[in-house]
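Q: These protein sequence lines map, in sequence, to chains X and Z. Here the first sequence is numbered in my numbering, starting from 461 and rising by one per residue. Here the second sequence is numbered in my numbering, starting from 461 and rising by one per residue.
Errors might be hidden in some of the hints.
Identical copies carry no separate label here, and so any pair may be met within one copy or between two of them.
No farther apart than 20 Å at their CA atoms in a straight line, the calculated lysine to aspartate or glutamate pairs in the DMTMM-like style are these [said to hold, decoys possible]: (1) Lys521 to Glu574; (2) Lys519 to Glu472; (3) Lys579 to Asp479; (4) Lys473 to Glu574; (5) Lys473 to Glu535; (6) Lys575 to Glu488; (7) Lys500 to Asp530; (8) Lys473 to Glu502; (9) Lys466 to Glu531; (10) Lys575 to Glu472; (11) Lys579 to Glu531; (12) Lys473 to Glu531; (13) Lys575 to Asp528.
Source of the hints: derived by calculation from the structure; they are not laboratory data. These numbers come from a predicted model, not from an experiment.
2 protein chains.
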Amino acid sequence: MQTEQKRVNLAEKFSLFTDHWHPRIVGELNGQQVKLAKLKGEFVWHHHEEEDELFLVVKGKLLMKFRDRDEVVNEGELIIVPRGVEHCPVAEEEVHILLFEPASTVNTGTAGGEKTVEKLEWI
Amino acid sequence: MQTEQKRVNLAEKFSLFTDHWHPRIVGELNGQQVKLAKLKGEFVWHHHEEEDELFLVVKGKLLMKFRDRDEVVNEGELIIVPRGVEHCPVAEEEVHILLFEPASTVNTGTAGGEKTVEKLEWI
Numbered sequence: 461m462q463t464e465q466k467r468v469n470l471a472e473k474f475s476l477f478t479d480h481w482h483p484r485i486v487g488e489l490n491g492q493q494v495k496l497a498k499l500k501g502e503f504v505w506h507h508h509e510e511e512d513e514l515f516l517v518v519k520g521k522l523l524m525k526f527r528d529r530d531e532v533v534n535e536g537e538l539i540i541v542p543r544g545v546e547h548c549p550v551a552e553e554e555v556h557i558l559l560f561e562p563a564s565t566v567n568t569g570t571a572g573g574e575k576t577v578e579k580l581e582w583i
Numbered sequence: 461m462q463t464e465q466k467r468v469n470l471a472e473k474f475s476l477f478t479d480h481w482h483p484r485i486v487g488e489l490n491g492q493q494v495k496l497a498k499l500k501g502e503f504v505w506h507h508h509e510e511e512d513e514l515f516l517v518v519k520g521k522l523l524m525k526f527r528d529r530d531e532v533v534n535e536g537e538l539i540i541v542p543r544g545v546e547h548c549p550v551a552e553e554e555v556h557i558l559l560f561e562p563a564s565t566v567n568t569g570t571a572g573g574e575k576t577v578e579k580l581e582w583i
């Protein structure tokens with residue numbers, strides 16, 4: 461069952477994995493998924509054709525690079541990256557994020573490459 | 461512009477209002493909205509016909525009553541209430557929540573009544 465009424469404890473879910481740039485699904489609603497990921501280092505420049513993407517920083521400090529500027533997103537802050545906008549997330553130190561995005565979203569967007577995770581698991 | 465790349469600081473947004481049971485919109489993506497609300501006391505029993513609803517507790521402790529049981533949702537936890545499921549949020553002490561739900565969602569669902577907020581504003 462994808463849509464449920466069970467509580468999700470973010471800290472508990474984050475304790476279940478240690479790898480970076482590999483989102484896990486923790487909830488689904490209205491065709492959107494809630495994912496958790498740990499980030500460290502620099503990701504790849506990419507965009508999503510059809511999906512807007514929300515990043516909520518649960519721990520740490522995320523640098524979101526855009527082609528025309530950088531945004532620093534601190535703990536307790538969120539940023540929405542609209543479809544079509546190129547971005548590159550960078551985490552100098554480890555960052556924990558919560559993502560809201562359509563179930564169809566691939567982490568590397570149209571860029572592909574070795575950091576692409578084809579099939580995400582639920583935790 | 462509804463979809464943007466600006467950072468949203470949750471604490472800063474929560475400082476902009478004091479009333480209870482009156483959600484404010486802070487973001488929009490993929491037809492869904494991100495809302496913030498302060499809760500205190502007991503809401504009304506209601507359900508949403510077409511919308512699943514996510515509650516993320518940013519501060520405090522939320523009691524979510526269902527017809528068959530209660531769930532306590534603590535700070536750093538989220539709960540997804542599927543469409544059609546009757547629920548009644550209760551906050552003994554003030555609770556700050558982030559909501560993620562379709563833009564069409566009315567706070568009191570099909571129940572209506574005096575706690576209904578017809579038109580939500582952006583902050």
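Q: When no copy is named, should Lys575 and Asp528 be tagged within, between, both, or neither for a Cα gap of at most 20 Å?
A: neither (24 Å within a copy, 44 Å between copies)
Q: I want to check one pair: Lys473 and Glu531. Are their C-alpha atoms no more than 20 Å apart within a copy, between two copies, both, or neither?
A: between (27 Å within a copy, 18 Å between copies)
Q: Up to 20 Å between alpha-carbons, please classify Lys473 paired with Glu574: within, between, both or neither.
A: Neither, since 25 Å and 38 Å both go past 20 Å.
Q: State whether the alpha carbon distance between Lys473 and Glu502 is at most 20 Å within one copy, between copies, both, or neither.
A: neither (23 Å within a copy, 29 Å between copies)
Q: Given identical chains, is Lys500 near Asp530, meaning Cα to Cα at most 20 Å, within a copy, between copies, both, or neither?
A: Classified as within; 17 Å inside a copy, 38 Å across copies.
Q: If the cutoff is 20 Å on CA atoms, where do Lys473 and Glu535 land: within, between, both or neither? Let me know, please.
A: Result: close both inside a copy and across copies, 17 Å intra and 14 Å inter.
Q: Reference check for the pair Lys575 and Glu488, CA-CA at most 20 Å: within, between, both, or neither?
A: Close neither inside one copy (23 Å) nor across copies (27 Å); limit 20 Å.
Q: From the Cα coordinates, with 20 Å as the cut-off, is the pair Lys575 and Glu472 best called within, between, both, or neither?
A: Neither: 25 Å inside a chain and 34 Å across chains, both beyond 20 Å.
Q: Given identical chains, is Lys579 near Asp479, meaning Cα to Cα at most 20 Å, within a copy, between copies, both, or neither?
A: Within one copy only: 15 Å inside, 43 Å across.
Q: Within a copy, between copies, both or neither: which one fits Lys466 and Glu531 at a CA-CA cutoff of 20 Å?
A: The answer is between: 8 Å across copies meets 20 Å, while 34 Å in one copy does not.
Q: Checking an output row: Lys519 and Glu472, CA cutoff 20 Å. Within, between, both or neither?
A: Cα proximity of Lys519 and Glu472: in one copy and across copies (14 Å, 17 Å).
Q: Within a copy, between copies, both or neither: which one fits Lys579 and Glu531 at a CA-CA cutoff of 20 Å?
A: The answer is neither: 29 Å in one copy and 31 Å across copies each exceed 20 Å.
The structure is inconsistent with the numbered hints 1, 4, 6, 8, 10, 11, 13, although it conforms to all the rest.
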